[in-house]
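A.B. asks: Input sequences plus hints: build the corresponding full structure.
Residue numbers (this note's numbering), protein chains in the order written: chain W, 1 to 171; chain S, 1001 to 1099.
These are calculated hints, taken from the structure and not from any lab test.
Restricting the straight-line Cα-Cα distance to at most 20 Å, the calculated cross-link-like pairs of lysine to any residue (SDA-like) are:
| id | chain 1 | residue 1 | chain 2 | residue 2 |
| --- | --- | --- | --- | --- |
| 1 | W | Lys-81 | W | Leu-53 |
| 2 | W | Lys-81 | W | Glu-145 |
| 3 | W | Lys-155 | S | Ala-1007 |
| 4 | W | Lys-155 | S | Ser-1002 |
| 5 | W | Lys-155 | S | Leu-1009 |
| 6 | W | Lys-155 | S | His-1003 |
| 7 | W | Lys-155 | W | Leu-122 |
| 8 | W | Lys-81 | W | Ala-54 |
| 9 | W | Lys-81 | W | Met-149 |
| 10 | W | Lys-155 | W | Arg-166 |
| 11 | W | Lys-155 | S | Asp-1006 |
| 12 | W | Lys-155 | S | Ser-1010 |
| 13 | W | Lys-81 | W | Thr-121 |
| 14 | W | Lys-155 | S | Ser-1005 |
| 15 | W | Lys-81 | W | Asp-46 |
| 16 | W | Lys-155 | W | Ala-66 |
Derived, one-sided and incomplete: chain W residues facing chain S with beta-carbon distance under 7 Å:
| id | residue |
| --- | --- |
| 17 | Val-24 |
| 18 | Arg-36 |
| 19 | Gln-49 |
| 20 | Phe-52 |
| 21 | Leu-134 |
These figures come from a predicted structure and were not determined experimentally.
The beta carbon of each residue, even a glycine, is placed where N, CA and C say it ideally should be.
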Amino acid sequence: MEQEDAELLAAVCEGSRRAFNLLVDRHQQAVRNFLRRVVGRADADDVAQETFLAVWTQARTYRGGAAVRSWIFAIAWRKAKDLQRSWFRRRRRDAQFIESGAQSAGHGGEEEVLLAQVLHTLSLEQRAAIMLCLGHGLTNEEAAEALAMPLGTVKSHVNRGRERLREVLGE
Amino acid sequence: MSHESDARLSRLLRADAPAERDALFRISLIERRERQLYRRRMQVGVAVTAVLLVLPAAVLALGDPLAVAMVGGLGLAVLAAGAGSFRGVRHATRWLRGG
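C.D. replies: Here is the structure:
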C-alpha cells in the first residue's frame, strides 16, 4: 500500500491526473474524518480540498522519509492551523463545532454526543494528536512528524486525551 | 482491556467519517483544481499583456510603425488565447457539474 502510494505520488509529479484521483480516493475518507474532528464539519471539506490541491502542487516536495499518508496528514494539519489563525472563522467554527456534535448525535447516539463535547473541550493540538494516533492508527513518532511536535508532547496529548475520553465515556 | 478500550475509542472517533468513495467530493476537487489552473493562466496572461502594452508604447516612442504593428498583433493573440482558455474552463466546469 505504502509503496503504491509513493508510486502514485511519483506519477502525480509527472502530471498524472489518474494517479492523483486514486490518491484522493484512497485518503479522502481519513483526511476528511481527521479534519471534521479537528476543525469541525463546516470547514472540514473546504480544508480537505485545499489539502489535496497542495498534494497536487507540492508532490515534488515529498522526500520519501515519512509515509505518504503521514505526509498528507501533515499538509492537512498545516491547513487546519492556518484556518485557526483567523479569529472570525474561529468564532463561527466554535459554534458550528457544537452544532456538528448535535448532528452526529442523530446518527450515533449518546456516546457520539459525549465524544463531540469532550473533543470540543480539548485544544486543537490535542484533538489532532488523538485523531491521528487513536482514530487513524499512526504511531506516536508518525504523528509527531505529521504535526511537527516533539514526540513527548504528542505522547502527553494522546495519554491525557485518552484518559479524558475514557472518563467521560464511563470506562 | 486497554486494547479493547482503544479499539472502541478508535471506532467512535471514526464514526463521523464520510463515505469511502465520494464522487461529489472528487468532482468539486477537480473543479477547484481547474479554477486554480485557470487563475494562474490568467495571472500569467495579464502579466504578459501588461508587458505587451508597455512595449508598443516604448516602440512608438522610437517611431517604428512596423514594430508597433507586430507587438500589437502579438498582444491581441495573447488576449485571444486568454479568452479561449476562459471558455474552455467554463465548458469543463459545466460538464463536471453534469450540465
